[in-house]
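Start from the sequences, fold in the hints, and give me the full structure.
Those protein sequences? They're chains V and A, same order as listed. Under full-length UniProt numbering, the letters of the first sequence match residues 1 to 198, in that order. Under full-length UniProt numbering, the letters of the second sequence match residues 1 to 268, in that order.
Some clues are possibly wrong.
[Unchecked claim] Okay, derived cross-link-like pairs now, EDC-like style, lysine to aspartate or glutamate, Cα gap no bigger than 16 Å in a straight line:
#, chain 1, residue 1, chain 2, residue 2
1, A, Lys189, A, Asp224
2, V, Lys61, A, Asp224
3, V, Lys61, A, Glu100
4, V, Lys95, V, Glu131
5, V, Lys12, V, Glu31
6, V, Lys61, V, Asp109
[Said to hold, decoys possible] Computed from the model, here is a short list of chain A residues facing chain V with C-beta under 8 Å:
#, residue
7, Tyr99
8, Glu100
9, Pro102
10, Glu139
11, His143
Since the hints were derived computationally from the structure, they do not count as laboratory data. Built from N, CA and C at the ideal position, the CB exists for glycine as well.
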Amino acid sequence: MAGSYGSTLRYKNVERIKSIGKHTLLGASGEVSDFQEILRYLDELIIYDDMWDDGNSLGPKEVHNYLTRVMYNRRNKFDPLFNSLVVGGVKNGQKYLGMVGMIGTHYEDNHVATGFGNHLARPLMRAEWHEDMSFEEAVKLLEKCLLVLLYRDRSAINKFQIAKITEVGVTISEPYALKTFWGFLAFQNPTKGAEGSW
Amino acid sequence: MFRNQYDTDVTTWSPAGRLFQVEYAMEAVKQGSAAIGLRSATHIVLATVNKATSELSSHQKKIFKVDDHIGVAIAGLTADGRVLSRYLRNECINHSFVYESPLPISRLVIQLADKAQVCTQRSWKRPYGVGLLVAGLDETGAHLYYNCPSGSYFEFQSIAIGSRSQAAKTYLERRFEGFEKYSREELIKDGLFAIKETLQGEKLTSAICTVAIVGVGEPFHVIDQQTIERVIESLDIGDEDAPPPAVAESAADEPTASQEPGTAPMDI
Numbered sequence: 001m002a003g004s005y006g007s008t009l010r011y012k013n014v015e016r017i018k019s020i021g022k023h024t025l026l027g028a029s030g031e032v033s034d035f036q037e038i039l040r041y042l043d044e045l046i047i048y049d050d051m052w053d054d055g056n057s058l059g060p061k062e063v064h065n066y067l068t069r070v071m072y073n074r075r076n077k078f079d080p081l082f083n084s085l086v087v088g089g090v091k092n093g094q095k096y097l098g099m100v101g102m103i104g105t106h107y108e109d110n111h112v113a114t115g116f117g118n119h120l121a122r123p124l125m126r127a128e129w130h131e132d133m134s135f136e137e138a139v140k141l142l143e144k145c146l147l148v149l150l151y152r153d154r155s156a157i158n159k160f161q162i163a164k165i166t167e168v169g170v171t172i173s174e175p176y177a178l179k180t181f182w183g184f185l186a187f188q189n190p191t192k193g194a195e196g197s198w
Numbered sequence: 001m002f003r004n005q006y007d008t009d010v011t012t013w014s015p016a017g018r019l020f021q022v023e024y025a026m027e028a029v030k031q032g033s034a035a036i037g038l039r040s041a042t043h044i045v046l047a048t049v050n051k052a053t054s055e056l057s058s059h060q061k062k063i064f065k066v067d068d069h070i071g072v073a074i075a076g077l078t079a080d081g082r083v084l085s086r087y088l089r090n091e092c093i094n095h096s097f098v099y100e101s102p103l104p105i106s107r108l109v110i111q112l113a114d115k116a117q118v119c120t121q122r123s124w125k126r127p128y129g130v131g132l133l134v135a136g137l138d139e140t141g142a143h144l145y146y147n148c149p150s151g152s153y154f155e156f157q158s159i160a161i162g163s164r165s166q167a168a169k170t171y172l173e174r175r176f177e178g179f180e181k182y183s184r185e186e187l188i189k190d191g192l193f194a195i196k197e198t199l200q201g202e203k204l205t206s207a208i209c210t211v212a213i214v215g216v217g218e219p220f221h222v223i224d225q226q227t228i229e230r231v232i233e234s235l236d237i238g239d240e241d242a243p244p245p246a247v248a249e250s251a252a253d254e255p256t257a258s259q260e261p262g263t264a265p266m267d268i
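If you want it as structure tokens, here you go:
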């Protein structure tokens, strides 16, 4: 739940998972103020969509593509929004999970991550993800990833939220901490084996 | 000197509460060659009558593909129809670009109607002289709309517009209750029968009509002439007095309230 002010992790209590409309969840890394700007765009988007009041609504796929356009458009103005985003959701029985980078790069996958997560969490998810995971299994895998990230990213803080979206609706957990153990031998002398590298 | 004091510009009301210029624009729709549309739960068929202005010329195109999931048929000023079709295509492509998903039909039709409405409220403009049948498929199902120069729009199970469309409308009104369950072939069939009604005795040939379809698993496309030729032959409807097909019998005898004059909601 750490929020960045430029490259400084400045805030310790920032919600970085938000629900967008009825069918979509959005998670963000990076500059908090830019994320807030994105949320303003999305608020407007969803309100205008609801105002048609015609039974049509934007799903996760539409929100993902919209965000891709927003991010790429800003990078074309040489004023990118400094965020990486993950977008997930369910609509009409269709699951959707995608990612948008700060310059508009985007992809869909069965598991996604931003920032350090791309290096540290995705290998774990690639190894352990499977199509028919239960919610509990998925949370367990996520917590395993988060713990590795917490151990390896010096500026991470031990305060997390996990969110779930189903056909029924959205639930975002209260902030909570993971149990840590700092006594690993590898933590005693971290530069062992890479001496003199910095 | 003037036959009518109140029809010199679109924004002038008559004391009876009418806008004559708008009514004249709707008259242009009635003068245009006929276009009909009919809808089942999964498919929509559009059909038009091709009228060449001269023996020496070809006919004008009256059916336009807007996107994979939407198409229009027009009656009235073809030039205005083309302009509006281009607008619709633009809206669809912009929506696909931003959301990577097809534009809902109802929203497209509202935008189109709003565009037409503006022309009825600006003294330096004129209403579009064209009626559009907008057919499309989206996540809420198959839809058929009629969009009128006044800026009104209506959703239909089936509708006919243009010259001598009343005969086709009467035919459709007799049979529309069965349409929801129709297969695409049955829709095409009844589309052709309705077109035949507007020809008033003229022989129905594949050259005189254009038929297009959109539906589940089938992007909007004009059905090629040979296929239509074969359907016409198989039904024997090219001939003057072929009987309506068997399906007609169930509903054919019932007089319907909608046959009464003035009940069609497209008058304004």
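Right, here's what the structure says about each hint:
1. A:Lys189 <-> A:Asp224: Holds, at roughly 15 Å.
2. V:Lys61 <-> A:Asp224: Violated, at about 35 Å.
3. V:Lys61 <-> A:Glu100: This hinted pair holds, its Cα atoms lying about 8 Å apart.
4. V:Lys95 <-> V:Glu131: Roughly 11 Å between the alpha carbons, so the hint for Lys95 (chain V) and Glu131 (chain V) holds.
5. V:Lys12 <-> V:Glu31: holds, 13 Å
6. V:Lys61 <-> V:Asp109: Cα-Cα ~12 Å, so holds.
7. Tyr99: holds, 4 Å
8. Glu100: Cβ of Glu100 (chain A) sits 4 Å from chain V, so the hint holds.
9. Pro102: violated, 10 Å
10. Glu139: With a minimum Cβ separation of about 7 Å from chain V (threshold 8 Å), the hint on Glu139 (chain A) holds.
11. His143: For His143 (chain A), the interface hint is violated, since the closest Cβ of chain V sits about 11 Å away, which is over 8 Å.
The structure fails hints 2, 9 and 11 (numbered hints given earlier, in ascending order).
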